[in-house]
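S.K.: Residue strings, one per chain:
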Amino acid sequence: MHSSISLNISNLWIERGERYLCKDMSFSLSGGDICKINGENGAGKSTLLKIIVGILSPLEGTVYYNGEDVSIHRDLLHQDVLYLGHNSAIKSVFSVAENLRWYFPNASDEAIAYALSVVSLSGYEETPSSQLSAGQKRRITLARLWLTDKPLWLLDEPFTALDVQGVSSLEKRMRDHISNGGLIILTTHQDIDASLNVKEINLTL
Amino acid sequence: MSWTWFHKLGSPKWFFQFASRWSLGVFLSGVVLLLIGLVWGLAFAPEDYQQGNSFRIIYIHVPAAILAQSCYLGLGVAGFVFLVWQMKMAPIFIKSVAPLGALVALIALVSGAIWGKPTWGTWWVWDARLTSVLVLFLLYMGVIAIQNSLEDKILADKAVAVIGVVGLINLPIIKYSVEWWNTLHQPATFKLTEKPAMPMEMWLPLLISSLGLYLFIAGLAMLRMQTEVLNRERRSSWVKEEVLKNGI
Amino acid sequence: MTYFSFTKGELLTLLRRKQDTMNALIFFLMVVILFPLGVSPSPEFLSVAAGGIIWCAASLAILMSVEGMFKEDFNDGCLEQWLVSGLSLPVLILLKVSIHWLIVIVPLLIMAPILAQMLFLPMDIFYVLLQTLILGTPALFLIGTIGSALTVSLRHGAVLMLLIIIPFYLPVIIFSTGAIRAAQSGMLYDGQIAILAAISLASLVVSPIMSAISIKASVS
Ligand SMILES: Nc1ncnc2c1ncn2[C@@H]1O[C@H](COP(=O)(O)OP(=O)(O)O)[C@@H](O)[C@H]1O
Ligand SMILES: [Mg+2]
Numbered sequence: 001m002h003s004s005i006s007l008n009i010s011n012l013w014i015e016r017g018e019r020y021l022c023k024d025m026s027f028s029l030s031g032g033d034i035c036k037i038n039g040e041n042g043a044g045k046s047t048l049l050k051i052i053v054g055i056l057s058p059l060e061g062t063v064y065y066n067g068e069d070v071s072i073h074r075d076l077l078h079q080d081v082l083y084l085g086h087n088s089a090i091k092s093v094f095s096v097a098e099n100l101r102w103y104f105p106n107a108s109d110e111a112i113a114y115a116l117s118v119v120s121l122s123g124y125e126e127t128p129s130s131q132l133s134a135g136q137k138r139r140i141t142l143a144r145l146w147l148t149d150k151p152l153w154l155l156d157e158p159f160t161a162l163d164v165q166g167v168s169s170l171e172k173r174m175r176d177h178i179s180n181g182g183l184i185i186l187t188t189h190q191d192i193d194a195s196l197n198v199k200e201i202n203l204t205l
Numbered sequence: 001m002s003w004t005w006f007h008k009l010g011s012p013k014w015f016f017q018f019a020s021r022w023s024l025g026v027f028l029s030g031v032v033l034l035l036i037g038l039v040w041g042l043a044f045a046p047e048d049y050q051q052g053n054s055f056r057i058i059y060i061h062v063p064a065a066i067l068a069q070s071c072y073l074g075l076g077v078a079g080f081v082f083l084v085w086q087m088k089m090a091p092i093f094i095k096s097v098a099p100l101g102a103l104v105a106l107i108a109l110v111s112g113a114i115w116g117k118p119t120w121g122t123w124w125v126w127d128a129r130l131t132s133v134l135v136l137f138l139l140y141m142g143v144i145a146i147q148n149s150l151e152d153k154i155l156a157d158k159a160v161a162v163i164g165v166v167g168l169i170n171l172p173i174i175k176y177s178v179e180w181w182n183t184l185h186q187p188a189t190f191k192l193t194e195k196p197a198m199p200m201e202m203w204l205p206l207l208i209s210s211l212g213l214y215l216f217i218a219g220l221a222m223l224r225m226q227t228e229v230l231n232r233e234r235r236s237s238w239v240k241e242e243v244l245k246n247g248i
Numbered sequence: 001m002t003y004f005s006f007t008k009g010e011l012l013t014l015l016r017r018k019q020d021t022m023n024a025l026i027f028f029l030m031v032v033i034l035f036p037l038g039v040s041p042s043p044e045f046l047s048v049a050a051g052g053i054i055w056c057a058a059s060l061a062i063l064m065s066v067e068g069m070f071k072e073d074f075n076d077g078c079l080e081q082w083l084v085s086g087l088s089l090p091v092l093i094l095l096k097v098s099i100h101w102l103i104v105i106v107p108l109l110i111m112a113p114i115l116a117q118m119l120f121l122p123m124d125i126f127y128v129l130l131q132t133l134i135l136g137t138p139a140l141f142l143i144g145t146i147g148s149a150l151t152v153s154l155r156h157g158a159v160l161m162l163l164i165i166i167p168f169y170l171p172v173i174i175f176s177t178g179a180i181r182a183a184q185s186g187m188l189y190d191g192q193i194a195i196l197a198a199i200s201l202a203s204l205v206v207s208p209i210m211s212a213i214s215i216k217a218s219v220s
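Protein chains in written order, with full-length UniProt numbering: chain U, 1 to 205; chain Z, 1 to 248; chain H, 1 to 220.
For the record, the hints were derived by calculation from the structure and aren't laboratory data. One thing to keep in mind: the hints can contain errors.
Unchecked claim - 25 Å max Cα-Cα, derived DSS-like pairs, lysine-lysine:
#1 Z/K153 <-> H/K8
#2 H/K216 <-> U/K150
#3 Z/K13 <-> Z/K117
#4 Z/K245 <-> U/K23
#5 U/K150 <-> H/K8
#6 U/K23 <-> Z/K175
These numbers were taken from a predicted model, which means no experiment stands behind them.
Turn these sequences into a full structure, and let the hints guide you.
M.R.: The following block contains the structure:
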């Protein structure tokens, strides 16, 4: 069970390439929530995630994590966050298992084997990542979700590389996560299982 | 101490209005002083007893060399201010001043070469000052190159600020190393601009032309910065008002 | 990610990509060979110029090997993960440069005595060369890292990086070759060695901070 966490977005203005992506947006989330960011292609979904995680800065406004201004106390957020961006962040010189070990040096062999089996990569442990397809690399990245103990997940289009079975395992994992008090913000074009009680944020400008 | 001037200076709007009032005046007084200094120095100041008339090039060379250094110093300070306080005017200053700095460095190099011909018999000698100015010129080229290469404007601003700060730290080291290297290689007989006990009639025009060049470049820099401010702030309401009121 | 797993990963990457390091070393060798062939093979010229030749070649080789340091991390998205890992970015950068330095400098020092022989550098002067290489090359790596971080988002940033970084290499090259020259003429060279160490120490403080700023600005 995670201790209770909260994320508050207050009066956020985002500008990218001389275009406003959102004006004066505010919302609050707390542990147990799943939040889905909606918007067309190029609406700024990925940009919003990057701003929340502190890779980009907003034009105006503040992101508060557990009540602390993230632009000042970035460490507090980064201790708790797992961010999966567009890029898979997989090193091609490493084998599949080595890539996961890079992120989770203390994970047991069994845990890694289990995480890989969920994303249907069993038996690929020792394969060099350079020999995998883009979709397979993406699934290694997703395997991190079964190894992590971070409470806050920011997922940019997590479902894209998954088949039907993979999608339902991921939905199950997300359900477990929020029932443990975790918080998930994600972007996707897919409809998510209605029983997950998804909150929606729309980016329409 | 009051910091309002610092915040004002950081506001593009305030700067624009300040500069519209002053830039032309600064520029013109620079031109006048520069002309007085140069005519005085080139035509009326007494001849040097060792070098004859060729020494007169220092009335161009020295102001240019000093200014080339000052501009880089300014660049470095602006870079620091930008990295620490994110002041909006700092990258505008860097972007506007870098080409001017490169220009004065080039003037210093060319005038040094012209001075070298009658004095040393060659256009180029690895004199400490000339070499430092050459390196300075290359540093400016680096700043300009990175500003132009990076498409992302925010990144370009950060990058020139970083280069500026690294340059600021390195400038004294580079200068010292070049001077030290120079003494190692050639005990120069004639040093460009080493004038112990210059008489007043000689250094007064030098002072005037230096001041003139400072103001001249400052005026140009302000004009360039104004353009840059307008360009960057073109979507803000005060720029629209400004353009409606006064035209472009 | 922990500092330890990061360091281990970097080490593993460099060891598996041996060829990249090899290329830099071969490049170093080739630049050195250019001088006897291009200028003069006479022992009188070479023994005087050896320090300068080796230093110029080493500077270029180091620039080459540092240039692409963050490229792959940038392209595959790992730099983003560094930023959100909760670890200190300057420390990560410092770890990465240190490993790069170790992996390049060790073979370079092994090659040095052979080159010194080929360039007719006397043994006692060779020890001075070694000292300057050990104390001066950290500065070259650290300063080069700033350039590498600044140009990481550019597809063809190599030439631009050389352009902005080489002027900052001058003091290191001047004092290193100055120390060697002083030793050759039988003078004391402690001063130059101390300055080299000071420059490397200063770079150790400045470079990770500046590189971190550049990387943060580049990742977006
Ligand atoms: N590196 C960039 N520089 C400038 N503008 C960008 C950059 N990346 C994306 N953008 C702009 O930001 C907008 C939002 O992009 P993004 O957040 O990736 O959209 P989404 O994820 O919703 O498809 C796009 O319209 C795009 O034009
Ligand atoms: Mg996107």
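S.K.: State for each hint whether it applies.
M.R.: Hints and how they fare:
1. Z/K153 <-> H/K8: The given pair, whose Cα atoms are some 36 Å apart, is violated under the 25 Å limit.
2. H/K216 <-> U/K150: It holds: about 23 Å lies between the C-alpha atoms, which stays within 25 Å.
3. Z/K13 <-> Z/K117: Outside the cut-off at roughly 49 Å; violated.
4. Z/K245 <-> U/K23: Since the Cα atoms of Z/K245 and U/K23 sit roughly 29 Å apart, the hinted pair is violated (cutoff 25 Å).
5. U/K150 <-> H/K8: 23 Å, holds
6. U/K23 <-> Z/K175: 50 Å, violated
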